[in-house]
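J.: The residues making up each chain are set out below.
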Amino acid sequence: MMANNAGAEKKGFGWPFWIMLIFYLVIIVFPFIWILITSFKQTGEIYGNNPFSIIPENPTMQHYADVIMEKGILRAIGNSLIVSGVTTVYIVIVATFAAYAISRFDFRGKNILLGIVLAVSMFPQMIVIGPIYNLFIDLGWTNSYWITLPYSSITLPMAVWILVTHFNQIPLALEESARIDGASAFQTLYKIVFPLAAPGVFTVAIITFITAWNEFVLAITINSNSEYHTVPVAISFLRTQFEILWGQVAAATILVTIPTLVIVLLFQRQIVNGLTQGGVKE
Amino acid sequence: MRKMGFREFLFIVPILLLIGIFSLWPVLQSFTYSFFDFQLNDRTKSGLYLNERFNVDLYKETSLYVDRFISQDMETITGEEDKANAEEVIDQLNSLDEEFDNEEGVITISSEQKKQIEAAYENADSTVQTLADNYELQQEENLPLLVEDIKNSLIESNFIGFQGYKKALQDHFVLDALKHTLVFTFASVALELVLGLGMAMVMNQGIRGKGFIRTTSLIPWAIPTAVAALMWSYLYDGSAGVVAEIFSNIGLLDEPTDLMQTGAGAMTAAILADVWKTTPYMAILLLAGLQNIPGSLYEASSIDGAGRVQNFFRITLPLLKPSILVALLFRTLDAFRIFDLIYVLTGGGPGGSTETLSVYSYKVMFGQTNFGYGSVVVMIMFVCVAIISTIYVKFLGTNIMDRN
Numbered sequence: 001m002m003a004n005n006a007g008a009e010k011k012g013f014g015w016p017f018w019i020m021l022i023f024y025l026v027i028i029v030f031p032f033i034w035i036l037i038t039s040f041k042q043t044g045e046i047y048g049n050n051p052f053s054i055i056p057e058n059p060t061m062q063h064y065a066d067v068i069m070e071k072g073i074l075r076a077i078g079n080s081l082i083v084s085g086v087t088t089v090y091i092v093i094v095a096t097f098a099a100y101a102i103s104r105f106d107f108r109g110k111n112i113l114l115g116i117v118l119a120v121s122m123f124p125q126m127i128v129i130g131p132i133y134n135l136f137i138d139l140g141w142t143n144s145y146w147i148t149l150p151y152s153s154i155t156l157p158m159a160v161w162i163l164v165t166h167f168n169q170i171p172l173a174l175e176e177s178a179r180i181d182g183a184s185a186f187q188t189l190y191k192i193v194f195p196l197a198a199p200g201v202f203t204v205a206i207i208t209f210i211t212a213w214n215e216f217v218l219a220i221t222i223n224s225n226s227e228y229h230t231v232p233v234a235i236s237f238l239r240t241q242f243e244i245l246w247g248q249v250a251a252a253t254i255l256v257t258i259p260t261l262v263i264v265l266l267f268q269r270q271i272v273n274g275l276t277q278g279g280v281k282e
Numbered sequence: 001m002r003k004m005g006f007r008e009f010l011f012i013v014p015i016l017l018l019i020g021i022f023s024l025w026p027v028l029q030s031f032t033y034s035f036f037d038f039q040l041n042d043r044t045k046s047g048l049y050l051n052e053r054f055n056v057d058l059y060k061e062t063s064l065y066v067d068r069f070i071s072q073d074m075e076t077i078t079g080e081e082d083k084a085n086a087e088e089v090i091d092q093l094n095s096l097d098e099e100f101d102n103e104e105g106v107i108t109i110s111s112e113q114k115k116q117i118e119a120a121y122e123n124a125d126s127t128v129q130t131l132a133d134n135y136e137l138q139q140e141e142n143l144p145l146l147v148e149d150i151k152n153s154l155i156e157s158n159f160i161g162f163q164g165y166k167k168a169l170q171d172h173f174v175l176d177a178l179k180h181t182l183v184f185t186f187a188s189v190a191l192e193l194v195l196g197l198g199m200a201m202v203m204n205q206g207i208r209g210k211g212f213i214r215t216t217s218l219i220p221w222a223i224p225t226a227v228a229a230l231m232w233s234y235l236y237d238g239s240a241g242v243v244a245e246i247f248s249n250i251g252l253l254d255e256p257t258d259l260m261q262t263g264a265g266a267m268t269a270a271i272l273a274d275v276w277k278t279t280p281y282m283a284i285l286l287l288a289g290l291q292n293i294p295g296s297l298y299e300a301s302s303i304d305g306a307g308r309v310q311n312f313f314r315i316t317l318p319l320l321k322p323s324i325l326v327a328l329l330f331r332t333l334d335a336f337r338i339f340d341l342i343y344v345l346t347g348g349g350p351g352g353s354t355e356t357l358s359v360y361s362y363k364v365m366f367g368q369t370n371f372g373y374g375s376v377v378v379m380i381m382f383v384c385v386a387i388i389s390t391i392y393v394k395f396l397g398t399n400i401m402d403r404n
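One line per chain: the protein sequences are A and B, in this order.
Heads up, the first sequence stops at 282 in the working numbering, and the numbers go up one at a time, no gaps.
Heads up, the second sequence stops at 404 in the working numbering, and the numbers go up one at a time, no gaps.
Everything labelled a hint here was simulated from the structure, so no lab data went into it.
The reader is advised that the hints may include incorrect statements.
List of simulated lysine to aspartate or glutamate pairs, DMTMM-like, C-alpha gap at most 20 Å [as the list claims (entries may be wrong)]:
(1) 110(A) / 8(B)
(2) 151(B) / 141(B)
(3) 115(B) / 156(B)
(4) 191(A) / 8(B)
(5) 3(B) / 106(A)
A short list of chain B residues far from chain A (calculated; beta carbon distances all over 10 Å) [as the list claims (entries may be wrong)]:
(6) 42
(7) 132
(8) 145
(9) 165
(10) 173
Even glycine gets a Cβ: it sits at the ideal position worked out from N, Cα and C.
Could you put together the complete structure from these sequences and hints?
T.: Written out as structure tokens, the structure is:
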């Protein structure tokens with residue numbers, strides 16, 4: 001499909017097209033390049049007379065050493081991996097069962113359930129934060145990995161939505177023949193549907209992981225102890241220090257962008273699928 | 001389609017529990033908060049108290065001392081009437097003591113009991129006043145303070161009904177925050193749509209390096225907003241920031257420091273950072289829509305002699321409308337709820353000029369620990385979000401739900 005409409009529109013696009021494309025790429029990439037350069041500059045140079053030179057005068061790894069040794073950025077990355085990993089695993093399981101039921105079973109209140117899922121994805125996150133905070137204080141769950149549970153309010157709706165679309169695309173005939181052969185609902189799901197739905201499930205896992213990795217409000221409110229800081233929270237605390245050391249900010253930004261970059265490079269196809277199926281495709 | 005039995009019902013139990021506990025219950029709870037003057041830093045308001053309450057411990061201690069101090073002076077009080085009054089006060093306090101003999105701590109009381117306590121307080125107050133005027137009392141300074149404590153042992157209900165909403169609708173912080181939110185939402189979404197559509201059309205050309213462009217586009221979307229915000233706060237910095245320097249060199253700013261230190265500058269900076277982060281996402285959503293438009297339509301219209309501009313308005317836009325509306329819906333809601341970016345980039349400053357509803361409600365809830373009023377602001381946001389969604393869903397028709 002791509003090929004034939006591209007062919008139709010291709011002719012006639014000359015240099016304005018290329019300029020726009022290059023401009024776009026430069027704007028996207030430039031901040032990262034600049035941060036990378038800054039991360040190797042000495043503090044004196046960043047604030048000095050010539051703060052905008054492209055090549056660091058005396059390249060240094062000091063900022064990287066500082067954020068790793070003093071600011072515990074590796075610990076934050078570890079916390080983020082734990083929190084996002086746990087969230088991804090349980091959300092994928094819960095969403096898969098729910099989406100399968102929505103797609104395959106006939107039950108009362110199905111549209112209400114879907115409506116609620118859609119509504120939850122729309123309402124402001126601020127609305128859950130007060131009660132969740134008080135609940136966690138009462139239960140003594142602040143500064144712990146229990147924070148993964150309220151992450152469901154931001155990850156579950158999207159996961160269910162994408163998976164329902166996926167299951168709807170898998171033909172019923174396969175499952176019906178499995179049922180005729182006497183398989184239970186769980187067996188059908190496990191042996192027939194899962195393998196077929198694997199790409200969709202994987203897409204959901206990636207999107208869920210990224211969403212959980214990027215979550216900020218719950219993390220900064222509930223896990224305020226620096227031992228439990230996730231990446232976004234740890235990064236935001238570099239800003240609110242008494243003095244802002246841009247060299248450390250730059251080094252930290254580069255370090256925490258690496259995991260994201262790896263995920264994007266490896267799974268860009270799944271990400272794009274997830275993004276577009278979460279919206280509209282057909 | 002299989003009917004749902006018990007075994008099938010198990011499939012949806014986990015989602016019902018999770019959504020129920022961590023999404024729906026908090027919403028209802030926030031709604032409840034908004035009707036109370038609920039403040040964690042004030043002990044008399046640090047919960048949701050529908051009824052009047054009575055601090056029995058405080059009362060018992062106080063009445064003991066009042067009783068003792070007045071009794072001490074009984075000799076001095078010579079007037080018949082004053083003596084009778086003083087005795088009446090002591091009797092009243094003692095009868096209340098007996099009534100609450102078995103209670104301790106803070107308890108809920110009926111309005112009848114509340115009236116009794118208030119009457120006792122008023123009587124004690126006026127009597128002590130008169131006594132102090134007419135006689136030389138041993139505890140003349142302490143007695144009025146003790147009598148005040150009788151009143152303090154009554155804790156008012158902190159249920160305030162719609163007063164929080166009334167206050168919010170007249171609160172210029174809320175109105176300003178709403179204005180900032182609308183400006184931010186409108187400007188960033190409009191820019192993102194135009195630029196995103198342009199980029200989607202560029203990417204839709206059959207060019208080499210498409211994978212590279214797509215990967216590059218995904219990175220701003222994929223990194224945490226807080227990280228992007230901090231990165232931009234460096235680029236925007238008045239003395240060390242390269243973007244502020246460039247803006248001032250090309251004449252957009254008088255001084256590089258103006259960018260983050262003036263209200264308009266900071267708002268522009270926040271909008272541009274958001275545009276940087278989400279235009280690629282918009283482009284990817286719209287690209288998916290573009291790829292579904294059959295190329296044959298363009299071929300046919302070219303044969304009919306249509307130009308590229310005509311093609312765009314007659315074919316691309318109408319066929320892309322559902323994709324555009326869905327992308328706009330998601331983006332508008334995201335922009336309206338914006339928190340991380342502003343909180344980290346400007347903190348709502350300078351002087352509150354970039355404070356959005358989310359940032360303001362968060363500051364009220366967790367800066368001032370005023371959950372009641374913070375929830376009022378959140379509920380106002382909730383209503384706005386509902387209105388925005390309804391408008392878009394009307395435009396979209398029902399086809400979001402119909403797909404399932």
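J.: For each hint, tell me whether it holds in the structure or not.
T.: Here's how the hints hold up against the structure:
Distance restraint check for residue 110(A) and residue 8(B): the Cα-Cα separation of roughly 13 Å lies within the 20 Å cut-off, and the hinted pair is therefore satisfied. At roughly 17 Å between alpha-carbon atoms, residue 151(B) and residue 141(B) fall within 20 Å of each other, so this suggested pair holds. Only pairs whose Cα atoms come within 20 Å are accepted, and residue 115(B) paired with residue 156(B) is accepted, the gap being roughly 12 Å. Taking the CA atoms of residue 191(A) and residue 8(B), the gap is near 17 Å; set against the 20 Å cutoff, the hint holds.
Using a Cα cut-off of 20 Å, the hinted pair residue 3(B) and residue 106(A) holds, with the two alpha carbons roughly 5 Å apart. Against the 10 Å criterion, residue 42(B) stays outside the reach of chain A, whose nearest CB is about 15 Å from its own CB. Every Cβ of chain A is farther than 10 Å from the Cβ of residue 132(B); the closest lies at roughly 45 Å, confirming the non-interface assignment. With a cut of 10 Å on Cβ distances, residue 145(B) stays outside the contact zone with chain A, its closest approach being about 34 Å.
Every beta carbon of chain A lies more than 10 Å from that of residue 165(B), the smallest distance being close to 15 Å; the non-interface claim holds. With a least CB separation of 15 Å from chain A, residue 173(B) remains clear of the 10 Å interface cut-off, as annotated.
In this structure, every one of the numbered hints holds.
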